[in-house]
Amino acid sequence: MSAHRTPRRTVRLNPTRIGIYTLLILFALLFLIPVYVLVVSSLKTFAEVQDLSRLWSPPTGLHLESFRAAWWGIPEKGLRGLSQNLLNSVYLTVPATILSSMLGSLNGYILSKWRFRGANVLFPLMLFGMFIPYQSILIPLTQTLAAIHLGGTIWGLILVHVVYGIPITTLIFRNYYAEVPTDLVEAARIDGANILGVYWRVLFPLSVPGFVVVIIWQFTNIWNEFLFAVSILQKPDVQPITVALRNLAGSQIQEWNMIMAGTLIAAVPTLLIYIIMGRYFIRGLLAGSVKG
Amino acid sequence: MVPKIMKQGRFTPWFYLLGALVIMTVFIVYPTIRTFTLSLRDKTGANWASADCVRGQPCWGIFENYRYALTDKEMLEALRNNALWILLTVPGTVGAGLMFAVLTDRVRYERIAKTIVFLPMAISFVGASIIWKFIYYLEAGARSQIGLLNAIIVALGGEPVAWLTNPKWIVNNISLWIVWIWLWAGFCMTILSAALKGVPTEILEASRVDGASEWQVFWRIMLPMILPTVTVVATTMVINVLKVFDIVFVMTNGLNGTEVIANRMFKFIVTNQGRSMAIAVLLIALIIPVMIINIRRFREQEAMR
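Chains A and B supply the protein sequences, listed in that same order.
Taking this note's numbering, I'd label the letters of the first sequence as residues 1 to 292.
Taking this note's numbering, I'd label the letters of the second sequence as residues 1001 to 1305.
Heads up, a few of these hints could be off.
[Said to hold, decoys possible] Listing some non-contacts, in silico: residues in chain B with all C-beta distances to chain A over 12 Å: (1) M1075; (2) L1084; (3) A1262; (4) F1266; (5) M1291.
[To be verified] A few chain A residues that face chain B, going by a derived Cβ cut-off under 8 Å, partial list only: (6) H149; (7) I276; (8) Y280.
FYI, nobody ran anything at the bench for these hints, they're computed from the structure.
Note that CB positions come from ideal geometry on N, CA and C, so glycine has one too.
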């Protein structure tokens, strides 16, 4: 049926197709308006953003004041900048992503290529871990973190994201490694490689596409996460950017140009990943879609 | 089947898995159990929940927090809202996703269209909520409105509307639902579109040759064939909606009739642990039936591997 499977030159413009195109263009515009508002407002000055007659117009020039204000803050108005919080997000997201991907890869390898008693216990536990609504266990979790002296620290939050990332990363890798021919693994085994040797010599080098998918998935989720961050990290100087951004937007002073600049700053890493590597982004989404 | 040479001693693989197992027990299994026990305790967890009972008022003993979670006015509002969220945004997101999947499948610029619809997923929910807060913004008492929506209304000669602080609670909720659909339609589209591509072209061509209209092809052939995927997407969205928190917290903080379960739970985290955990248990209880459907389907998929 679909038009893309028929050769292009036979596609004719008939009323139905015109209708479809009109509808799609309309929806695309509707979907883009908020993004347009975001980018345009962030490039305006405070006076410009207040000027109604210029609502739809692009900014008069490249005004980077809003970005400067969002980055460094406005101390005389008591507004904190986002620079430190952006760094915090990097400190949080990078180790958490790397650790949970590594652990997921190892687990996935062992669950898919080794036969042992107990795999039947472990897998349902993983499923349970994947589907449980984490926000329900917030209080006991913060208490556990406090008990191991990680309460209120970025390391505590890293640990949380690593732990809660294990089920889904394990699952993605397990399914990925299931496609790797077992002959390869056996050959290495016959050559005398041990359990870890097989992983390093056979599976790990083949894992790049798997890692790309998992890393993008984890990075985006952790970077954008809010509830755990706001619950675990109370001190403004250790909070990641999502929390700081919400505080900035929630303050009494409604400098929308600055707030939009801050929102854009916070969204740049994930937006860039999406635009550059959208294909992998979507593959991760499909892999994780059962999670909910 | 994993061959014999891959069979290990009883302990070696366990040694590698032990780490994962230990942290999952400490951070997932134990806190889950603890959530249940804390829900029967009072504000600080020091006594049984019955200690929070007030003389002369209804009391459910150690289930006092559940009395709050199931009968309090604020909680009833939250439960009503979550029910409305499910009834309206699940068909909204799945329907919009299905429509985009079907439409984009027929045009040349499929990838661009999809990239645009999916774009909101790349922005954090906090960021998205802030952008929409600006779009809905109402400049109190002023004629000059800088919030996009009210600016348009005023320009057309209308009166500005309080989109998020309206005395009519349903208006505030509709504003939130629109944001939710904007955020999630792309997710639904992506998964449904992958399913649509799996429908064999021959079947569709054959029915067209037999004179079926596009409309009939969609309802009688495409939809029934991708129904399992539609169910997965719908159940996933039900779970997401039950957990909805970020956008409510950032945009309205549950005020003006927009309260939801997860936000109630968050409000009590510091002030009343017992209540917060009872609400958490309620949330788990609501999610479990949907979760079972998803797990069952997931296992079927796994079995087919």
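(request) Over 12 Å to the closest beta carbon of chain A is the bar; see if M1291 of chain B clears it. (result) 5 Å, violated
(message) A cut-off of 12 Å on Cβ-Cβ distance, and A1262 of chain B was said to be off the interface with chain A. Does that hold?
(response) 6 Å, violated
(message) Please verify that the nearest CB of chain A lies beyond 12 Å from M1075 of chain B's CB.
(response) 15 Å, holds
(request) Mind checking the CB of I276 of chain A against every CB in chain B and telling me if the closest is under 8 Å? (result) Result: violated, 11 Å to nearest chain B Cβ.
(request) Please verify that hint: H149 of chain A, Cβ, nearest Cβ of chain B, below 8 Å or not. (result) Violated: closest Cβ of chain B sits about 14 Å from H149 of chain A, beyond 8 Å.
(request) Examine each Cβ of chain A, and state whether all of them lie more than 12 Å from the Cβ of L1084 of chain B. (result) Holds: least Cβ distance 20 Å, greater than 12 Å.
(message) Please check whether the beta-carbon of F1266 of chain B is more than 12 Å away from every beta-carbon in chain A.
(response) 7 Å, violated
(message) Can you verify the interface hint for Y280 of chain A: is its Cβ closer than 8 Å to any Cβ in chain B?
(response) 13 Å, violated
Checked against the numbered hints above, the structure breaks hints 3, 4, 5, 6, 7 and 8 and satisfies the rest.
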